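The lines below spell out each chain.
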Amino acid sequence: MKHSLKKLWQATSVFYSFHYSVILVYMLQNTEYQVGPYLKWYWRTQNFTKVMTRRKLDKTKAARAVLFGLRTGMLLQILTGLWLVYLGVWGNVTGGVEFGLAVVVSYPIIWAHLVAVPLELGRILIVLPKQKRQIIASEKIFKNHKGAKIAIAGSYGKTSMKELLLTVLGEGKKVAATPANKNVPVSHAQFASKLTGDEDILLIEYGEGAPGDVERFAKTTHPTHGVITGLAPAHLDHYKTLKAAGEDIFSLAKYLKGKNIYVNGESPSAKEFLLKEFHLYNQDGALGWKVSDVKVGVDGLGFTLTKGKKNLKLRSHLIGRHQIGPLSLAAVLAHEFGLSDEQIEAGISKTAPFEHRMQPYLLSGGWIIDDTYNGNIEGIRAGTQLLKDLPAKRKLYVTPGLVDQGEENERVHIEVGELIATAQPDIVVLMQNSTTKFIQKGLESAGFAGELRIEQNPLEFYNNLREFVAVGDVALLQNDWPDNYA
Amino acid sequence: METVAVIFGGRSAEHDVSIVTAIASIIKPLELTRKYRVEAIYIAKDGAWYWGDELKDITLFTSGKIQDYMHKNQPASVQFDGGMTLVKASGIAGRKQQRKIDIVFPAMHGTYGEDGALMGLLDMAGIPYIGCGVSASAVAMDKVLAKQVAFANNIPVSKFLTFRCSDVEREPNAALKQIQAELEYPLFVKPAHLGSSIGISQVNDETGLRNGLEVAAHYDDKIIVEEAVQNLIEVTLPIMGNDQPMPALLEQPMTKPEDFFDFDTKYMQGGKKGKSSAKGSQGYSQIPADLPQDLYKHAEQAGLDVYRVLGCSGIARVDMLIDSKTKKVYFNEINPLPGGLYAHNWHAAGISSVDLVQKLIALAKERAVQRGSLATSFNTNYLQQF
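Residue numbers (this note's numbering), protein chains in the order written: chain P, 6 to 491; chain H, 4 to 389.
Bound-form chain P, shown alone (with noise of 0.2 Å):
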């Protein structure tokens, strides 16, 4: 009872905290200044206590002025419902009490929507017209541009695709590509702003979002190749379904007329777009060049791919099987530029994990392979798959689940719990969410034998890791929920 009260006191007592306004303006932040989901994120939100779990504010200049605005206003909102009370004590002024204090009472909830009023606006009047002229002045520098363009979209797997190629093709041409994870219209231009002309490759990325996006971002940037990572259930909540992912995606093979597309042979959601002009990549290798001698190991991966009778011996940091197609694809088209069959076996030899993709490193002795950047099915498919693969004492397999997951969300979590029980880990551990009740009928469904655990608190899970493994332990992390969705 004690306990329950003091709970009930924290969650109350923190609209009127003065960190309530930081509390805010972190929210704004972590959904990029736009309104809608900073909105939806706060209707949702039961106890504002628990929003600033996994990082703090970033006081950027952005995020001050923010703050700022909001505490002015705020207290403007006080001094007034003050002054009406006053009023109504002193002044004999009617209701003035009543109001003054709803007024006072009402400035926690009035100015978290209200500091959307000027941000919207601000993004009407100002940025976006600002990114329309940047997107206009981009397709031309792209139109006259003399290299290759190589547009890389997919519902996964792109930024990695990106990168793989950038460190591959960077061994003997002139590269340049979209950076980190930037892949929308207003990234595109300012890359396009940044490029000297002289380059022989463009790598850029497509972060397709809604309906059209791809088919507009073609049209801006005028590729001339196009890979296509694959497709899974990602952006349900704009897209509706998965065939209306599937055709924006492959909007860019129809830009294309066909010629010139690489699309991941190992993705079953992208079977039904396929046509014979395609050029599929996958563990069998690429453009007719075979894979054999294939191993994985946790420290990296071999194969060797063959033409006729060209060899090339290849040896990659990266992890896991459904590596071997994107690797062969990017040591095919490295040696489709004119690459040196060395330069070929130095760049792949260079491809290593980024942070948080199925990026191996060793706690308490054991081996976690950390895949939290991972948010789609395929790559639970491809991550099992290697936790399968994998010699261990004992495996150990972690997750939330998947977010944006739409009208799709019970189908793929059970068969996440199908897939993680295919690997056959020793322990699973869940983060306690919507999701996880899905997952559980998947793994029973599938006959899991293991011990199950439920994380009610992930950070602490994740931040004790090293106290649950040891020598011999395989540890997979895949998915990880920021704030705005835990």
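Everything labelled a hint here was simulated from the structure, so no lab data went into it.
Any given hint could be a false lead.
[What the hints assert, rightly or not] Which chain P residues face chain H? A few, computed with CB under 7 Å, are given here:
id : residue
1  : Y366
2  : L367
3  : S369
4  : P396
5  : A397
6  : K398
7  : N469
8  : E472
9  : V474
10 : A475
[Stated by the list, open to error] Over the 10 Å line for every Cβ pair with chain H, so calculated as not near, a few chain P residues:
id : residue
11 : L92
12 : I131
13 : L133
14 : D203
15 : H243
16 : K355
17 : D409
18 : E420
19 : E423
20 : T441
21 : F466
22 : V476
23 : G477
Keep in mind the model is a prediction, meaning the values are calculated, not measured.
All C-beta atoms, glycine included, are put in the ideal place defined by N, C-alpha and C.
Fit chain H to the given chain P structure using the hints.
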């Protein structure tokens, strides 16, 4: 959910080491299991018992705020009511807060804890507890007794002499004379009951010996003086189990032959003198020890033999000395509650911290069941005769 009480601190020179063992190596993994309610019981240096969740936070001790805590909080008491119940003032209208304990996890090092004193209390309460029982703890914590038991069971020990502290103080020259007549330098002078290398001296001459005896007498009423083993390889072996003990990995401290582990080396300088990058007792050794396979097996078996003949259960760590030329393995000493449970070694052996504490609890329960099946009553008409 079972309640596990972790008892730490205590009236011992190893008070501070016990705090770290309890909080970092026991309470944290126990709580992470989500299977137990964990109660922290801190025994202050004056012997008062405190019970509270705040005691699970190491910063309370590192910041010195424990003094404020003890001023603000009444000590707890223990009720023996066919088991063990913790009792303390709740702070609300004079009401008492109580918690029935199911299992005790002693995290005490040294006197009044690791030496069997606490185990006696827990046996009286009839409550399962982790680690060695009264007799094994008492023997293990007396370096002289432990060596005598091992020697009687044909386990080699280095040549040693033992003295009462009062004898050394009364007739220091007689002790010196006897030592120099019967043993050869270099020698080790140790308090008989302390662990964590407190009060130990390595001596090479009479002056050093005199000082070493004085230091050891400061900490203990019983002193052991032993000959150093030549061509020394020092190894230690954590062991877990009751009737079927399971070894972890032989661990070899990375010391130079002229060096040895005193408390400062072990805990204050990251394990190895002059090497500040390593942390605690985990950074100074090689796991597994780099020994030829037959010698490794021989030392491992010697460790298991010591564990058995001393009647250990739950967990212990056996320290051994190897003459690398003769390949002879000598028992040195045994520690019935290794600092930090030697979790780093168990990790290397494939047992995580969370698994380690759970296994130890299972062993404690197993022993309690075994002991519970023994008859403790015997019906006679003896009383009726009066």
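Notebook entry, point to check: Looking back at the hints listed earlier, which ones does the structure fail to meet?
Noted result: 1, 2, 4, 5, 21, 22, 23
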